[in-house]
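Engineer: Protein chains in written order, with UniProt numbering: chain A, 1 to 461; chain B, 1 to 461; chain C, 1 to 461.
Think of the hints as simulated: they come from the structure by calculation, not from any bench.
Among the clues, some could well be false.
Claimed, not checked - What the simulated footprint calls covered on chain C by chain B, stretch by stretch (three residues with Cβ under 8 Å from a Cβ of chain B suffice, anywhere in the stretch; the number is not a length): (1) 284-296; (2) 413-427.
Said to hold, decoys possible - If you want the ones that stay clear, here's a sample from chain A, every Cβ over 12 Å from chain C, calculated: (3) T42; (4) N70; (5) G87; (6) R112; (7) A127; (8) F173; (9) D179; (10) H181; (11) K251; (12) T257; (13) G287; (14) A321; (15) F371; (16) G393; (17) P402; (18) N447.
Glycine residues also receive a C-beta, built at the ideal position from the N, C-alpha and C atoms.
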Amino acid sequence: MKTKVLTLAVAAALLPTTSAWAAPTISDLEARINDLESRLTTNEQQTQQAESSASAFEFHGYARSGLLMNEHRTGATDTGPYMTAAGDLGAPVGRLGLEDTNYLEANLIHNRKLDNGSSAFFKIMLADGVETSNDWTADDSDLNVRQVYAQFSNLPSFTGAFENSTVWAGKRFDRDNFDIHFLDSDIVFLAGTGAGIYDVQMSDDWKANFSIYGRDFGSVESAGTDVENYVATMNNHIGQWQVMFSAMDSKDNEDVTDDSTATHRAKHGLHALLAYHANSFYGLQDGWSKSGVLIGSGLGAQLKAIGSDGNLNDDAKAVRAFTFGVKDINKTWSVAPALMAEYSQDRIKDNDEFKWGTFNVRVSQTFTENFEMVYEGSYQYMDLDNSVSSAKGSYYKATISPTLKLDTAAGFFERPELRFAVSYVDWSSDLDNYSVSTATGASTMGNGGETLFALQMETWF
Amino acid sequence: MKTKVLTLAVAAALLPTTSAWAAPTISDLEARINDLESRLTTNEQQTQQAESSASAFEFHGYARSGLLMNEHRTGATDTGPYMTAAGDLGAPVGRLGLEDTNYLEANLIHNRKLDNGSSAFFKIMLADGVETSNDWTADDSDLNVRQVYAQFSNLPSFTGAFENSTVWAGKRFDRDNFDIHFLDSDIVFLAGTGAGIYDVQMSDDWKANFSIYGRDFGSVESAGTDVENYVATMNNHIGQWQVMFSAMDSKDNEDVTDDSTATHRAKHGLHALLAYHANSFYGLQDGWSKSGVLIGSGLGAQLKAIGSDGNLNDDAKAVRAFTFGVKDINKTWSVAPALMAEYSQDRIKDNDEFKWGTFNVRVSQTFTENFEMVYEGSYQYMDLDNSVSSAKGSYYKATISPTLKLDTAAGFFERPELRFAVSYVDWSSDLDNYSVSTATGASTMGNGGETLFALQMETWF
Amino acid sequence: MKTKVLTLAVAAALLPTTSAWAAPTISDLEARINDLESRLTTNEQQTQQAESSASAFEFHGYARSGLLMNEHRTGATDTGPYMTAAGDLGAPVGRLGLEDTNYLEANLIHNRKLDNGSSAFFKIMLADGVETSNDWTADDSDLNVRQVYAQFSNLPSFTGAFENSTVWAGKRFDRDNFDIHFLDSDIVFLAGTGAGIYDVQMSDDWKANFSIYGRDFGSVESAGTDVENYVATMNNHIGQWQVMFSAMDSKDNEDVTDDSTATHRAKHGLHALLAYHANSFYGLQDGWSKSGVLIGSGLGAQLKAIGSDGNLNDDAKAVRAFTFGVKDINKTWSVAPALMAEYSQDRIKDNDEFKWGTFNVRVSQTFTENFEMVYEGSYQYMDLDNSVSSAKGSYYKATISPTLKLDTAAGFFERPELRFAVSYVDWSSDLDNYSVSTATGASTMGNGGETLFALQMETWF
């Protein structure tokens, strides 16, 4: 009886001013809390589902597409970062404003994760590259599958040195390939079909990768040739140093013949890379830089795309040095210089000798959150002797490119970029009709002194 | 002491009848609320993540696939909306029941959004079209990349007239292309590689788009030809009116020669479209309609696919009129008439003269939530003179198609549709062996009077 | 007045010890609950959106990729499950360790669901298969679209026997195809372009599928031939029994000629399958098995890929028997035996006669959560007479394969697998130079006695 009265009194006292009618009791609130808890539990589960089904699939890609026109209002399809006579040797020049191709890479990824933390990763990469500006490109299409592989991480059975290692098999680009974007050139491009393991902990600050990649010289179906090259690689990361060794073996390669074939096609190859990955721009803050040397012999003389070139002389020798970096000078200006040079001899024919060096610098000047001016200067020196004929000279390019970005403050590698570019390219006339290849009718540089106008999109994500 | 007693009293009073044992105190409830709040906060963040990772990718597409058989139980591969002699001129007939191809467009889209509201949109379109019914089509495949472009919207640096404009670059179908679906014909199909800007606000109800598209005549790789055509377009939307101007320039086109080449291939072209987009079916409610006129000269005489045809005479002239609409008469019946007609002269050869007109009507009759009967009647008149020979006559088609849909109430453009169709097609015998092309062995219409049976899926999403 | 005092007293009594300052009143809590409820409601809607946009798209696939090398350190491209002389007849051997191809299927799926439970499903399958180990395969690419179809489920208009049926149209692999994975051989592979309906309820435990599939003999574009074959199928599931009937009609097939063509190419075909799908391993628990017989005549004599082969004699006859199963013996060992045998006569040429039988067994031995050893033994007997020449003999294969998996406990069909495999293959020398085809220069088995080393990834999801 008494408590009843008390309750009402308390209830009245607790009556919220907002309430239109009666005061809620604690049990009212409790009921609502119970309801909230069960709703939230359901919702948490649904969120989990949505999250996991969303994260099971990933879409990533790279693409560039645009128009390239010269001052004669015609297409300029013989341009690009490998347009010089030394391009056949893998000598790049600055890419900005030279690219006429519509190129894309589309990665479709499937992730699977177990509760114990172990995970499986599967990737397909579709890629295509065409020059035509048309929308229907069935006759020109190069659409193909560049990667298809699976890898495991954090397997409970992997312990000790293998505890944090990742194991894979299939067709892929090696995880640790890296490039000088501005030259459209990888430092090493190790790729093919095989298997391997990453991040074997050899000691506290020494991690090693081991892999075997297969390559084919020529095309299996179309050319009918099927010479396999097997590349065994050990790739070491010791602190900021990278030391990479590759050995390759292609038993039948010496039997292949074509009209520009090497004097004596190599059956074996050796390749080494020494690189330093610096967290600073040659000691300066707000930047980074990478420098190194590559050396190879026989099939290893193709220093970038390891083991991909069968048309190398058995005593081919090549050495390449590179250094590049990126530095934010202030809120407005950033600079990215790059240097790459190579010497090779007895590369294809006995007594051939090739020297080239490229210096490139890209500079960006920010005007607004979305607009920047990008400038690129590129120079390449060539001294080329294919054992039959020789040529020597220089290539020059200057480009200015008004560029739109979502956020210019995000720096050089923020994409997408929508750009207009005007370039002037010229070179020594001595190079005009020269070709590294001794094949009859091999394509040459042609005449220099051309102005190029480009409209281009570039993105990656 | 006293309060203690009181509390217990109150607690007892507040004891919910459901509770098995003791009454919860306010602090109990507060603790549970605190817990709920922190759980909900976490859950809200996870939901955000799931939402953004889900919305970063979009999959859209169009596809049709099916069987087409004639009354002789053999494939009918020479049929389709462009099956008539005038089809080479871009004259379509009603598509329902005529399509033998398995065609698809798959769009993979990546979205990126900044907190300031600006966004980047990236699209790849894969497309393929084959006639074979087989599941492995590597030998017939036309799989190719029709679009690859990026665009920015709501850039903070874009102000004033550009505040709501969208800027893009790459390879694409123009955003404002529109079509008569029932004829499988765009009114304008502006596409290619280039750059442009949409929705520049010229005045209160006047928006303009500006773009430059490049095209190639012929195939770069396969045909070895590489004649570029550059199309500059200004496309205006003034209220419900659309006024579009295009000028094109193809410097080297006059030098191209093939056995059916134009008398004097055009180097330049002009093209204009005037269209009215009505929110009513010619004044009636529950519908819409679009009407307009296109006119072009030289390279602009290809009125639909602007700048895509290099084999046009330098003084080619063409004019095209169109009108079409969709009207829901009642819950059961809907009707969609379409009219398109064109006159062109000196189009390919001097003194050639081509007249054609198509009238098509599609009618749907709803029976249940999932089933409707679709009827299509199509008529085309042709008066064709390629300067060497001429032909005149008519084409007729009648189709009846039982159709399954997820929701017939959603109207003509609800997809997917699973349909069976029976069509009867016939035409004037005068047209049987006539070809617009003067090339030797050019394909002709053949004989009419055929019954066609189709099983087909069509979808877009 | 009095209540005021009481309230304070109660408030004090309810003061939570954690609370820093004042006791919350019921109205405080109520306010927080109101807030929680509105936040949760918003969050629930967002979760719905995220869930539906995530579930609208699905990515599924199959892929295998790897290296295959023989003891001479050269590629072994003539190997595979159909490497024997009888392979041309569809006679497989165990696949483990023999596959050199990089093959993938990527399925892009769009789901749509209405509130009434009806749903639309749309699928595209991209597929590719190449032998080259290279990463850029444009010259070898077989990338093509194997499936593109749409289907409806749970349509409200479908009632009675059709209530739970699914209707489809387009190009597809039939839903009810099933295979012996270890032999890389379907039991039936019904595929092509057409339409059909699944799960028509004929009686309580009898469901039937009806479909029409079109096929093309040869390639439309490349070969220019376009002979269509129409296959009508009724496929019944009665309890665990499957009874499937197919009839086919290809009017123009008799007119096709090529250098290895059948004596008299069939115009018609009949095909039947009787199968039993057991939930036990031949009566034993922890397993399952499938057994059956296929029989066909004329165009139906291609017993697996129904209606896909036009080069069959008009009185061709074939019968095939199969049985296979999977049994988990204990936590460590699992076994999967498979048997397939076929007799056919007058198959291609009058009086030809072909007998073959394959026995295969795969055994897995689990060592850890991620590692197992897989063993496969395969034997095939052949007695082949193509009416011109004959050969008789046996094929043997033994394979041992250390295999990595995410979860070995999940059994035989858990993927991805990363495997190394060593195989020894040999066969009777009588078979070395024999070919089922009478075409000049038809490929043969070559010599046996080869050791093969494989590195391979295989996955599906």
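Engineer: Among all the numbered hints in the text so far, which are the ones the structure does not match?
Structural biologist: 1, 2, 3, 6, 7, 8, 11
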